[in-house]
Amino acid sequence: MYKLSCFILFFCLSFFHFSCKKFVEVNVPADQLVIEKVFNSDAKAEAAVSSIYGYMVNGSSNHFTKQLLSLYGGYASDELNYYTPNSNVQGFLSNNILIENSVNRIIWTTAYETIYYTNACLEGVMTSPISEGLRKRLSGELKIVRALSHFYLLQLYGPIPIVTSSDYGTNAMIARSDTSLVYNQLLKDLTEAAESLSSNIGLSDRIRPTRYAAKALMARIYLHLGQWEKAEAAASVILDSGHFLPLPPASQVFLKDSHEAIWHLMPLSGYLSITSSTRPLPSAPRVYITPQLRSLFDGADNRLNWIDSLMVGNQRYYYPKKYKNISSTVTEYLVMLRAAEQLFIRAEARARQGKFSESTADLNLLRARAGLSLFPIFTDINALLLTIEEERFKELFAEHADRWINLKRTGKAVSTLTPIKPDFQINDLLFPIPGLEVQRNPNMTQNPGY
Amino acid sequence: MKFSAILLFCASLMASASGKGQLVTLNLKNASLEMVFEEIGKQTGYNFLYTDQMLHHANRVDLSVKNMPLKDALNLCFKDQQLGFSILNKTIIVRIIVDSDKQDDKNLTIPLIDIIGRIVNQQGEPVPGASVQVKGNSSLGTSTDGNGYFELKGVEASAILLISGVSIENTEVKVNGRTNIGSVEVKIKVGSLDETLVIAYGTTSRRMNTGSVSKVTAEEISRQPVSNPIIAIAGRVPGLMINTTNGLPGSSTAILIRGRQSLGQGTAPYILLDGVPLMLNSGTLTSGLSNTNQNILNTINPADIESIEVLKDAEATSIYGSQGANGVILINTKKGKSGRTEVSLNLIGGIKKVTRSMDLLSTAQYLEMRREAFQNDNVVPTASNAPDLVLWDQERYTDWKKEFIGGTARNSNIQLSVTGGNVSTQFMASGSLFSEIGLFPGEHPFKRGTGRINLNHKTPNNKFRIQMNASFASDYRKSSINDMTSYIFLPPNAPAFKDSSGNLVWIPGLENPYALLLRKFEGGTTSFVAQGEMSYQLFSGFNLRMSAGYNQTVRKDEGTIPISSQSPGSSRFGSYENARGMLEGWVFEPQFNYKRRIRSLNFEMLSGISLHSRKQDNMSVIASEYTNDDFLGNLQAAGRVDVYNSFSQYRYFAMFGRLKAEWKNRYIFSINIRRDGSSRFGPAERFSNFSAFSAGWIFSESDFVKNAFPFLSFGKIRGSFGVTGNDQIGDYQFIDSWTANTNYNYGVGPGFLPTRLFNSALQWERTRKLQAGIELGFFKDRAMLTLDYYHNRSDNQLVNYGLPSTTGFTNILRNLDALIQNSGIELVLNSTQVQTPKFSWTSMFTVSFPKNKLIRYPGLAESSNATSFIIGQSLRIAQRYQLLGVDPTSGNYHFLDIDNNGILQPQNDYVLAGTLDQKYFGGFDNNFRYKGFKLDLFFQFVKQKGNSYIASLSTLPGQLGNQPVEVLSRWQGPDQPGVYQRFTNSNTATQTAFSRFRSSTGAIVDASYARLKNLAVSYEFAGRILPILKAKQFRIYVQGHDLLTFTGYRGADPETQSVTSLPLLKTFAGGIQITF
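Heads up: the protein sequence lines correspond to chains A and B, in order. Heads up: the first sequence begins at 1 in my numbering, then just goes up one per residue. Heads up: the second sequence begins at 1 in my numbering, then just goes up one per residue.
Straight-line Cα separation of at most 30 angstroms, DSBU-like style, residue types lysine-lysine; simulated pairs:
#1 K934/B with K780/B
#2 K615/B with K22/A
#3 K934/B with K1030/B
#4 K615/B with K37/A
#5 K556/B with K615/B
#6 K1066/B with K520/B
#7 K394/A with K408/A
#8 K21/A with K615/B
Going by beta-carbon spacing under 8 angstroms, a handful of chain A positions derived as facing chain B:
#9 L33
#10 V38
#11 K44
#12 A47
#13 S51
#14 Y53
#15 T84
#16 S94
#17 E113
No wet-lab data here; the hints were simulated from the structure. Positions of the beta carbon are idealized from the N, C-alpha and C atoms, including for glycine.
Just chain B, with the same shape it has in the complex:
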């Protein structure tokens, strides 16, 4: 323990060392060596490296010198000692002088000694986390601390140390009886084959992994100015698709790994934060309030993340059994580092603007459209049917787009972290404060505060380890209930909605958007996640481990609809809604782990149990019929109060095991098994078994390959096959239950009616995953290529089967022997083009070609999905009417009537318009470094078809409401057919044609895009400024997100494809980071 304290002390001296001279003045009598070292250290700033044991037999020292060079003074000190020293950089390494005579005496028994040392790279920088093993004795080893120091006890004096690590080449060092090895210089590795990959219930390396695991590092995440960490991995992980639904702060994201595996049930991956399952589907609590989705991922501070691992194939996911079918995302937080206490402060400020929108008609164009519409309809505009033509100012123009979504959102983020500790105990504490002001008119703040603590401890004999993480996050938002984006389509000549004194003016036929801005939503989420893990080494290689986690998310949402926000003619009442929800879950996982090496066979066995419980408890109060806005929020003043509550519980039990064997570091086999039980299924169907088998062969280890292909530094083929399941169907679906609802009260007891059509025989959905992959490293791993082919088949589909309303409901959940196939190719190419101390250029390219196919669907033709799916096609096909363009005579869209019966019907006249799947997608990252400058450019690209914005407009061209300028190329007569059909206000045939156009091939357009997803430039200061600031590291940076979008898609953002919700925002941020 004392050793570590000294190390810590030494380390702290190091920082303040610069600038002091190398002369010493000492006046000491009968001083211990320790005191001498301390005094010298104070004066020179040099560190001493030694163990307590070394000084055990040291003689006391009398010394009186003045301005003597350091080396001479040290020679005096060590004169009468059995010790020697050497100076390396600013470290004085103390060592025991081995008496050659004595050594001979002990020749019969091999002496065991305790050794210390330090690992540095070619630049002399310490290498933390490097593994130091005694060759031939796998149980004796340690790893270096934050400053590169290590300590090993009971080492044979003749042992050889094997030093390895994520970023360094393997190096061997002979101990040669030295107790102080001194600084060992190691070479930095280009590739990263041996970096740690976090997998289910353990870790592995890229080299030895036989599954499909992608990793995104803290460094990559930190370059991106995003508040939701999941957005930061978009495009970087092959096979992972992320779709953001809108540009509002904290908006939800749809995540899909290797395609849609389920016809109707949840397709979200299983997300774990430090092993604790995150509960994603908290949804909205309040009824009637839109725009209020809260996303639990937003409560994670991206700066706290060490890495995100995405597990995809059977080998990686089947150990999660029925939760693994949709893939697994492991979010691992940063852990404390030993060494001098380090304080890091990061300040970021940013602005956001809408990425893309469309040009709308000017007043003159708009009025022309309206007049033409009435002319076409042969209807005379009146004050009733056309106030914009008859009553309103014909010259007035308001740019509603600028008014509602033309603003700028601003945000700022302060992050502080402290880490430190010694060899046995490390800690890390961090906190952040994020705030954003929304872009809609008025104040719409979003604020988030997070705090986190990590503690690690291990006993000196490395047998007992304990680790604890606790994080707390709280966010608050206030916004208008409505997404104001749909109001950019207000007529451009609409009269002012506010009079000169700011009072609202009500215009017949139009909603007052400023009134809607008065309808406020206020909400907050508080989340607490705690996780702990203890392990004890019972005997060599055998570890008992117990991990437990708890999380709690409390939400409070409030919505108010004041009387002042309502048109005076309608209801005159205000209403207020207050909803609270608590989501609480725990997980408990005792496990054991056994590792053993028999000659060239390494094997590892893991077995454990997982218990998981989750409870959701919601309550909401709707107070309505307020007669005065001042009372809003006061329940006693409400005319009517309705209270709702709901409760659900989910429990999960699993047993799992894994056996992995490596032979000659060349052949790898692994088997995973799991037995699962879930409370979501009927009693007879609760338990099920899942398993996977995988194998890998590192063929580059064979002599033949080594000789024949010298440029090939690494080569591995691997494959896996296994079964996983999906239980994302919501709770209690198998119970025939009736739900209470106060709305149904009718004077006799509480009202309740059937909840749903029930099915007591629900079972798991099952996905069989097959994968083959090859990994190649070229030119000492400077270029790394990973190519994966996967072929997943999902059956026993839980279908929320659409029913005709004659059944009383519109759907029922049931298992169907339908089969969905997802197959695809994924490619990742990492390369280091240039790597010199001054300049480096690295690239990463990923691309995925997913293919989704419905293989089997019994009774599809008779089912309610008959027009949604086709056997042999993707699940996301679009079946539509075939648009034949604009009929020159009628001026309306006309469509192909396949059965020629004069009636257009989906069953008979739909054609396959294409699929809305992403054909391919990926990312291209380039990272440049020149001295302190770093530049990172990340492009994301997607090839897909999407919904045309013209078809998603809520009003027809010609009706009351603005339109994109494109509609001007409309039909104006048989000689001017145009692209779009004739304008109309109320013509039924034209309206019918438009409603068919929405479900026609004309509504499907190319929505491919390439996007400069991220741009990051940073400069790290070196040299003189650091001591002035007393800082260890100081960098400034600018970052941009979603800055440029290249696409042929017209109208809105090609990712959200919606004209009525806020497009994605481009972010521009700048910040400074300083570490002390």
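Okay, chain A solo, but in the shape it has when bound:
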């Protein structure tokens, strides 16, 4: 009996032991791809990289480029106001952003999420057996996205960690880098990108970052660095390419076949998040333009096409309406970079170099498009710079925090904002690093005043 039972036990166990290792192997689900399979063909590598653009414009989380930068950057400066603000909005409106502010955290998180995706794709693209031409193009595109994300982080938060790999061990303990180091890294990325991308583009190529997108960001950075000649040269590459000028009428700037666009994102649905967020309720506005901004517009300005209004009681509220489509048919693309900004960059760079007539000419291209009288050639640099600032404000309001970033760049933020925001302090120029980031990364420091 003992022998029999032992035999049966041994038999059962040995039989199953051979098959058990196999038994616990499972299939990877159909909706997932293991990393090795993502970059093993040109088509899939292209799809993976493109997903980043899809994520930026459609992703279910509120990506910072989708609308947060445009709206909350607007609240923080003197562009936008909100009718019945919640505590997140209130924080930005009064420039008292708490470290727990969830929108502030989403801006930070989605920017670094984008950077992770670009790094993961970049590593995949560089090591995979895809064709050389595609490798060159995709790596260029990815470096532009990486630079753009870092650029906005730097503008909002000051010195920030530069993340160029997907290794979480390093990235979890990463420290902040000085502003100059960040700019150097961005210029390096953008220069490499510009070299590896073609300058031959059609209208449909602008849904991806191109050589001109790299140049546009470089022009912006040179302006920040005060390197006027380089800024002028970079902007000229774009403006003189023949792809973007003459400027289209104001009503067509945000349409999907606008040739002013240097880089715009193609949404899945025509009704963009930013359109939905800025649309008023039937009896009350939500987002509205500050009286200061509205008062700058001349009654004949074609750009009033970008503003609409409604009456509440006896008060009229104006709200931004650059994007108008509320149907699902896609008619507009979300603009990331456009030629008008390059004209301002070049106008300012030229003004700083004393090239007043060229500068005025750039400015007048925008005046003409607005349907307003042209400026005579400026002779006073201060008057010219002030005019550029005001025109820029009117042209680029509610677009990716352009006003906030430029007020800071020109050092005018405190003097401009204090009259309308009594609490405004110098420390408010930087948003707080989200509290959890400081908690979770021992090398992360908080901005002063938070």
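Chain B: place on chain A using the hints.
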């Protein structure tokens, strides 16, 4: 077989017997005895007890009598037979008259005879399930059927029968050559040391068990009007903590056994229904729809449950290997009983109301608060920033609390069960229909139907047994997507949200709650669980057993957001979501089992293999951009359709064995081993070994103890040590994968992005469990005390390690050499104060003192958990700013700035505010019976700290939104500092102070409570009404659940501690139960 048929027949006669006379009229010629018995039975209602064999040599009978007394008639019948009879109650027991001469002839060889008999208690009621063993021959035995009858074949005429059972004292009966033993009266036992305990892959008794197993019986469950059976065991099992998240029907429950063993992974116990693992973590299928959690436990009809066993220590759980670390809950369903077919009908109706809530400000108080807030802020109220002060009616008052959560939920439940069978085959079928109408305004039904079948069969030689269970449950619910509880904080003077004709009115700055009620969730779960078990006795003591189970859960969820529910200014589109998910699993477990007794050593060996596979397949369709509500649900009419699917598979392999030895019924040893492989870990880390050792000593069996402590009827010490594991980490965590998402489509092929940060070297979490316990029975086990001390240490923690977003994600899963210790004392005291036929009073008291401690966490200070944990403290500590009260000058909360640098930072300024652990908890049950009346009172108590409701309010006192009345004791100036800080609408400093207050010591308050968890009163009718109803049993009852709560916790329910989700509901139910 025929015997059983007759038994069944006899049994059925019994019921209809009453009222008939004892005179018989017979006119029979050349009739078989069988026919005579049948005729007499018909006329008198008496049963005959005999075997076919007895009648084998019986002579035929000629009989003609008229109105003759029964006994005389029987004497005539038995006159020429080798048979005799005796009458007991209403049973006529037939026996063979043993010829003394013949017996002498057979003296050389011991004659083997077949015997029958019946076991009854002192009240003459049958004792089902009692074990009848031939003394000295453990392989020869049987158990009694539903009516107390038993049959044994091939028994030595001189044998002694040993009768034992759960509720009876052991009794010996000499066979003395009788083939019919007749009715044997046994004494009812007070204690329950020998009741069957279901354990992993087998059963044991409380007496012989060396592990920690708690049992909740069907009777205890049936007293409670709950739809989720797990709620019924709360407070009754030491070491088991159950927390219900909200009061919605079918809400989820968090179950924790002996503390939190894991830093970041699943802490849910392993739950098996008749040996089939239940798949708990089905979660929500639909994105964007809250309030839709479905709990698989809700698909079990509590009335189908025979017992719930909770396994806690290493001895009991290590045989489940990597699934046992968090404890194991075995849910065992009722099995068919032999005997007359019994039909039982149970009808219950109940109502439910919110247990606790808070008083909110009246309109006058509210407006005063708002005005003061603006005054404090130095801001002039305008239509934009204060519509409630400027635009709205200053007198209007709506009690939003009454409006949204003041309603009554109603439910009804119909349960029907049928059981019957004979000695070899039994069946049980049951069904139930439960329906509940929710408490929010509007129709929110929840319905559930269940059906179940159980079949058991064994061959007459007891060698082959088969058992099958199949259950089916289907539920349906319709509710609003939102939990409306958060809308009780609407401003009390808010204008009407509906105009006189019922159209929605949109008020700037406020969500329209009635619009949210239009957003519907509709969902249903269908679950099917089948389980079968076959066993065959290959030779004496050696059983081969094969069990297999299959379960399938299909869910369908639908959500609609109509255009009419949206503020006209925002998106004008409707959307519809349809999600389906299927969860399918099977388990296959071949085993063998060998039992043998060598002199006074009993040993039992078990070995087996377990294969387990589970698949989850979900698909959801989100149709959006509808331009017309009438088309909602029609996918073709949607402007945009997104489809998502997901699939995951989990496979599990294990080999296990157990060896248990008992020596002299006094010393017990057992060893468990298990080797496990799980698909959730990387290929190199898949397999691991687990084992446990335990021992027990029943010292009350020793003569010394018997003599020295006569009052001590039972005493056992036991201990166990072993290793278990935890693999609750979700599937595929070790794979570096990219996930497709249609949202990321960008014109070139499908969009996909990295799923997560991956780690290919994931390993099991390991828990070492050590336990020591003592069990004492006093005064013939009238009082039973069980005291357990446990000391569990869990390491190799799988930590979902929080990362800064600079890594691209917010966390990664990895093993960390952190060590968590859970130790504690658990006490159970059962006592029977009074036990007489008319009156009885029994009590049960449990209390647990759990202690949780983080022993080791490498690199804690540098880690992202630095402010969450402290070495040497519980995992649930709360580190907060030290609240110093309200600063008299500024009127804001102020906090202790420990490093005195003028900046409050969690890293530097947090203090230990206490732990949110339950310090102790338990229950106190008292059960009274007087004749047919029964009263059961069950109190549950918990000592703990919790989150203050003031800190969890979403708006600040002073902002647009109502507040609890407590906030009125606020700062009003340096001379009136108050308890709460000044009111504000938009002052940044005050807002910042409030946000810090939320993470301050002020947000932690005492949340202890004692609760009349259950009250049950029932009356069982006896006597005349039963025959009128033709019923066997008839009882009426009322039951209440969560009726009274005694607590110092203010605001909401101390268990849910949430102001924005529906508090627990108190239930009041009444019903009748009738058995035919």
